[in-house]
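Enquirer: Below are the chains, spelled out letter by letter.
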Amino acid sequence: MSEICYEDWEPVIGLEIHVQLKTCSKLFSPSANCFGGEPNTYINEIDTGQPGSLPLLNKEAVDKAILLGLGVKATIALFSTFDRKSYFYPDNPRNFQITQFFRPLLKGGVVTCDIGGETRHFKINRAHLEDDTGMLKHFSSFSGVDYNRAGTPLIEIVSEPMMHSPKEAVAYATSLRTLLQYLNVADANMEEGGMRMDVNISVRKKAETELRPKIEVKNMNSFYNMSLAIEAEIRRQIECYCLRPDLPHAEAISAGTYKFDVTTGKTILMRRKEKEQDYRYVHEPDLVPIVLTPEYIDSLKEKLPELPHERYLRYIKELKIAPDSAAILITEKFTSDFFEEALVFAKNPTALCNWIIVEFAGRLKEKGLSLKESKITPRSLGILISLIETQQITGKIAKLIADEMLLYPEKESDAIFKENPNYHPISDEALLNRFVEETLEKFPESIRDFQAGKTKALAFLVGQVMQKTQGKASPEIVNTLFLKRLKKN
Amino acid sequence: MHTLLAHELHAHFLSGKLSAEEITTYFLRRIEAHNPQVHAFLSLFPEKAIEKARKLDQKRKNKEPLGKAAAIPIAVKDNIHIKGELTTCASKFLSNYRAPFNATVSSLLEKEDAIFLGKTNMDEFAMGGSGIHSAFGAAKNPWNLSCIPGGSSSGSAACISAGLAPLALGSDTGGSIRQPAALTGICGFKPSYGRVSRYGLVAFASSLDQIGPMARSVKDVALAFEIIGAPCSKDSTSLQIPPFSCLKHFDSFSLKGKKIGVPWSFLEKLGGETRANFENALSLLQNLGVEIFDIDLSILKYSIAVYYILATAEASTNLARFDGIRYGMRSPRAKTLEEIYEYSREDFFGLEVKTRIMLGSFVLSGSTETNQYNKAQKVRSLIIQKMKEAFQKCDIIALPSAASTAFEFSDQSDPLLEYLQDLYTIAANMGGLPAISVPSGWGSDGKPFGLQLMGPQLHDTDVLLFAHAFEKASGFGFPLPPLFQGDIA
Numbered sequence: 001m002s003e004i005c006y007e008d009w010e011p012v013i014g015l016e017i018h019v020q021l022k023t024c025s026k027l028f029s030p031s032a033n034c035f036g037g038e039p040n041t042y043i044n045e046i047d048t049g050q051p052g053s054l055p056l057l058n059k060e061a062v063d064k065a066i067l068l069g070l071g072v073k074a075t076i077a078l079f080s081t082f083d084r085k086s087y088f089y090p091d092n093p094r095n096f097q098i099t100q101f102f103r104p105l106l107k108g109g110v111v112t113c114d115i116g117g118e119t120r121h122f123k124i125n126r127a128h129l130e131d132d133t134g135m136l137k138h139f140s141s142f143s144g145v146d147y148n149r150a151g152t153p154l155i156e157i158v159s160e161p162m163m164h165s166p167k168e169a170v171a172y173a174t175s176l177r178t179l180l181q182y183l184n185v186a187d188a189n190m191e192e193g194g195m196r197m198d199v200n201i202s203v204r205k206k207a208e209t210e211l212r213p214k215i216e217v218k219n220m221n222s223f224y225n226m227s228l229a230i231e232a233e234i235r236r237q238i239e240c241y242c243l244r245p246d247l248p249h250a251e252a253i254s255a256g257t258y259k260f261d262v263t264t265g266k267t268i269l270m271r272r273k274e275k276e277q278d279y280r281y282v283h284e285p286d287l288v289p290i291v292l293t294p295e296y297i298d299s300l301k302e303k304l305p306e307l308p309h310e311r312y313l314r315y316i317k318e319l320k321i322a323p324d325s326a327a328i329l330i331t332e333k334f335t336s337d338f339f340e341e342a343l344v345f346a347k348n349p350t351a352l353c354n355w356i357i358v359e360f361a362g363r364l365k366e367k368g369l370s371l372k373e374s375k376i377t378p379r380s381l382g383i384l385i386s387l388i389e390t391q392q393i394t395g396k397i398a399k400l401i402a403d404e405m406l407l408y409p410e411k412e413s414d415a416i417f418k419e420n421p422n423y424h425p426i427s428d429e430a431l432l433n434r435f436v437e438e439t440l441e442k443f444p445e446s447i448r449d450f451q452a453g454k455t456k457a458l459a460f461l462v463g464q465v466m467q468k469t470q471g472k473a474s475p476e477i478v479n480t481l482f483l484k485r486l487k488k489n
Numbered sequence: 001m002h003t004l005l006a007h008e009l010h011a012h013f014l015s016g017k018l019s020a021e022e023i024t025t026y027f028l029r030r031i032e033a034h035n036p037q038v039h040a041f042l043s044l045f046p047e048k049a050i051e052k053a054r055k056l057d058q059k060r061k062n063k064e065p066l067g068k069a070a071a072i073p074i075a076v077k078d079n080i081h082i083k084g085e086l087t088t089c090a091s092k093f094l095s096n097y098r099a100p101f102n103a104t105v106s107s108l109l110e111k112e113d114a115i116f117l118g119k120t121n122m123d124e125f126a127m128g129g130s131g132i133h134s135a136f137g138a139a140k141n142p143w144n145l146s147c148i149p150g151g152s153s154s155g156s157a158a159c160i161s162a163g164l165a166p167l168a169l170g171s172d173t174g175g176s177i178r179q180p181a182a183l184t185g186i187c188g189f190k191p192s193y194g195r196v197s198r199y200g201l202v203a204f205a206s207s208l209d210q211i212g213p214m215a216r217s218v219k220d221v222a223l224a225f226e227i228i229g230a231p232c233s234k235d236s237t238s239l240q241i242p243p244f245s246c247l248k249h250f251d252s253f254s255l256k257g258k259k260i261g262v263p264w265s266f267l268e269k270l271g272g273e274t275r276a277n278f279e280n281a282l283s284l285l286q287n288l289g290v291e292i293f294d295i296d297l298s299i300l301k302y303s304i305a306v307y308y309i310l311a312t313a314e315a316s317t318n319l320a321r322f323d324g325i326r327y328g329m330r331s332p333r334a335k336t337l338e339e340i341y342e343y344s345r346e347d348f349f350g351l352e353v354k355t356r357i358m359l360g361s362f363v364l365s366g367s368t369e370t371n372q373y374n375k376a377q378k379v380r381s382l383i384i385q386k387m388k389e390a391f392q393k394c395d396i397i398a399l400p401s402a403a404s405t406a407f408e409f410s411d412q413s414d415p416l417l418e419y420l421q422d423l424y425t426i427a428a429n430m431g432g433l434p435a436i437s438v439p440s441g442w443g444s445d446g447k448p449f450g451l452q453l454m455g456p457q458l459h460d461t462d463v464l465l466f467a468h469a470f471e472k473a474s475g476f477g478f479p480l481p482p483l484f485q486g487d488i489a
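In the order they appear, the protein sequences are chains A and B. When you number the first sequence by the numbering used here, it's gap-free, plus one each residue, and the end is 489. When you number the second sequence by the numbering used here, it's gap-free, plus one each residue, and the end is 489.
Not one of these hints is a red herring.
Think about it this way: if two alpha-carbon atoms lie no more than 27 Å apart in a straight line, the pair counts; the simulated DSS-like pairs of lysine-lysine are: (1) K167(A) - K73(A); (2) K234(B) - K22(A); (3) K234(B) - K111(B); (4) K17(B) - K68(B); (5) K85(A) - K378(B); (6) K17(B) - K61(B); (7) K372(A) - K418(A); (8) K85(A) - K354(B); (9) K365(A) - K375(A); (10) K372(A) - K22(A); (11) K218(A) - K22(A); (12) K234(B) - K85(A); (13) K137(A) - K335(B); (14) K85(A) - K375(B); (15) K234(B) - K59(A).
No lab work stands behind these hints, which were simulated from the structure alone.
Work the whole structure out from these sequences, hints included.
Expert: As structure tokens, this is what we get:
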């Protein structure tokens with residue numbers, strides 16, 4: 001087999017993302033929309049498909065879908081309908097899913113992301129409402145079904161096939177997730193299955209414009225694994241074509257559904273793809289169409305919050321935060337909102353940003369906590385930054401205070417600062433002057449060096465006093481005292 | 001007491017002439033005596049009924065307010081839920097299934113102090129026009145026990161006809177209330193689609209199903225409709241129209257100058273005694289001052305084909321939930337998931353049900369643009385359009401309810417013959433129109449005929465008024481069949 005030149009090929013990737021909407025109750029029943037809980041407790045006759053039950057549309061879910069439409073600037077259908085998608089499986093209580101096949105609520109739209117400083121726009125093909133299935137649980141001699149999740153409102157967002165690398169796919173998915181959080185449409189908690197990705201991948205030679213056959217990798221719920229899966233599948237497909245260049249494309253790569261095996265790092269065929277007609281789509285006769293007016297949509301538009309990309313631009317333009325840092329800061333809504341609140345106290349956006357995404361992020365990661373879980377308040381963090389900015393503490397002391405904040409989140413930073421005398425830098429000029437004199441006595445050659453123009457000498461001298469005071473002296477005051485003294489000479 | 005009509009029994013109870021317990025006990029004994037002959041009931045709840053009756057007697061004694069149906073014993077078709085009681089739909093699949101909730105119609109009647117006696121026999125899952133397709137043995141026609149009572153509300157029809165209860169609920173998808181009413185010489189009314197809640201009715205074809213009352217007189221039917229024809233928040237297809245009392249207009253209403261349309265070209269093939277009976281009924285109406293117009297409904301010749309495509313398609317999805325996983329029967333010989341599905345449905349569905357599910361699945365197969373279902377929907381729209389045009393020329397459309405009197409059990413060789421039973425009744429379901437069958441006489445074989453009156457959408461009142469006027473003028477009275485005329489010992 002001749003060498004495979006992977007660089008001659010490019011992947012074409014499209015994502016179908018299922019997101020659980022943040023509503024009080026399920027899409028077609030008043031049962032609670034909750035994660036966890038004892039099996040089969042958030043259910044009623046509609047969720048278990050009892051004969052004689054009828055679905056009832058949840059208005060809040062429609063509103064959330066409209067908000068998403070507004071957030072991505074999709075065309076919001078004023079008239080959309082529901083359909084039955086039939087297939088037999090135990091987690092499917094009616095053996096048909098209620099979805100929107102013929103007339104979805106949203107068409108088009110764009111997800112804006114920033115990849116390596118460059119703004120990219122990825123188009124959405126359509127998005128629609130549908131209900132989630134229950135969950136199968138397998139035991140040694142039998143399997144059970146938990147219908148708590150059955151009926152949870154989902155919005156399925158189908159992108160255009162226009163991503164050409166795992167990086168782009170992850171950027172799209174991440175930006176979409178951030179947007180959903182900002183709109184309060186979904187929490188998209190990956191661990192709880194709040195957002196699941198199906199990846200459609202094909203490859204083609206770089207010059208080609210036509211699409212070759214694609215396969216689907218289903219149910220990815222981690223961006224990292226998705227990235228690995230895409231990498232693996234790209235290689236597999238290229239190898240398939242290169243191994244059998246004689247075969248027509250549809251035979252070299254036959255449509256199917258794959259899953260990603262984390263242990264082997266390979267994609268594995270699950271089944272041949274069921275064609276559209278096997279689902280026997282038919283209009284859902286138990287539900288009336290969703291009819292919206294432009295006035296109603298406008299009323300929701302007024303409630304739109306600042307969107308992630310808008311916030312990103314504001315951070316780099318108005319707050320002068322570095323683009324890379326800003327991109328990280330806005331990714332989680334909680335963190336970004338935290339920043340906004342803390343800024344009131346901190347006043348220095350760049351410093352605050354760095355402390356959040358570097359210093360605290362590092363400490364939190366060690367403890368395995370999220371910012372939310374740490375229970376540290378925005379005020380506390382903001383005040384810490386202001387203490388540094390007003391030179392009441394050194395950077396070193398700030399780090400010590402930060403450690404304490406994590407251990408005792410109920411204590412605010414200024415309280416920690418006040419409590420511990422060690423955190424108060426020595427500003428007593430008389431005392432500091434003694435140290436200055438002592439140091440100058442010890443290192444007379446520094447005086448000569450400074451006068452000779454070696455400014456490093458000053459830093460050395462200040463360093464000595466800092467050492468002597470175990471970092472507690474105020475470096476600015478020591479600096480000033482030395483200068484005064486040296487200039488006298 | 002068996003000759004008394006529902007509203008008469010109610011009046012006797014209110015006046016104190018009869019106690020609720022007396023009424024209830026009487027009919028329970030009558031059922032005990034005659035049900036083995038007609039097999040109208042599948043289950044009975046005598047203790048519950050007597051208990052309710054006693055409560056009502058106490059209420060009356062205490063001069064508490066009493067409901068519109070107080071002390072009226074009611075039989076309910078076995079596809080409508082009464083909480084805690086069996087809902088078998090005359091199928092082995094649900095032979096052990098107890099309703100987990102009350103149908104809205106059951107709650108409404110309960111609130112008006114009706115007394116439920118038991119659940120009635122039917123064609124399995126409402127699929128049939130004879131009563132033969134019950135998994136528990138067919139109900140029989142009280143006018144001739146070797147003949148079918150019609151279907152699918154066979155048990156409710158037989159029950160009323162034999163005087164085993166004065167009021168019953170049936171369901172009508174393609175004529176299942178009106179046709180058996182005609183064949184058993186009683187009154188059966190299918191309200192406008194959306195007037196009566198389907199919550200708690202085991203769905204057959206969701207866009208066609210309606211629950212309706214069956215009784216020996218139009219007044220009784222109107223009384224029941226007043227109670228059950230109410231908006232329901234648990235059924236999205238329920239119309240938000242408050243119930244209308246037309247009983248008070250019965251006496252003042254006159255047919256003089258009213259217009260009735262007859263689709264003569266569609267009735268071309270109608271012959272023999274059925275035609276004579278129909279023409280006789282029209283003459284009677286003309287004598288009352290009605291003008292008869294010819295209307296063009298030749299499109300109705302496609303009704304059967306359209307119906308059997310649309311109804312079976314919807315039914316195939318509605319019955320998918322019966323899979324042996326969550327409720328109902330599970331085949332004991334199933335060892336794997338596939339087998340649970342296959343064997344449960346194999347063992348516990350009757351032949352007619354299986355046939356219709358297969359037909360329904362078939363018509364939904366293939367591309368959604370060109371499949372049979374799609375075509376049938378278009379023809380349905382045409383039918384609705386044509387009927388709207390017809391109603392511009394007349395107030396009410398008259399048709400025979402059935403093509404002939406009840407055929408014998410031994411006659412049913414060609415399944416398609418049974419499908420043709422629905423020929424005159426399907427149009428009303430297609431258009432969601434109100435339609436009633438009133439007794440219009442007997443054939444030389446002593447078996448009853450029915451006249452069908454159909455009105456424009458939401459003109460339920462007109463239909464009832466016309467029917468009552470005809471009933472009054474016909475002078476038939478409310479005779480019981482010879483075998484059931486006698487009082488019980």
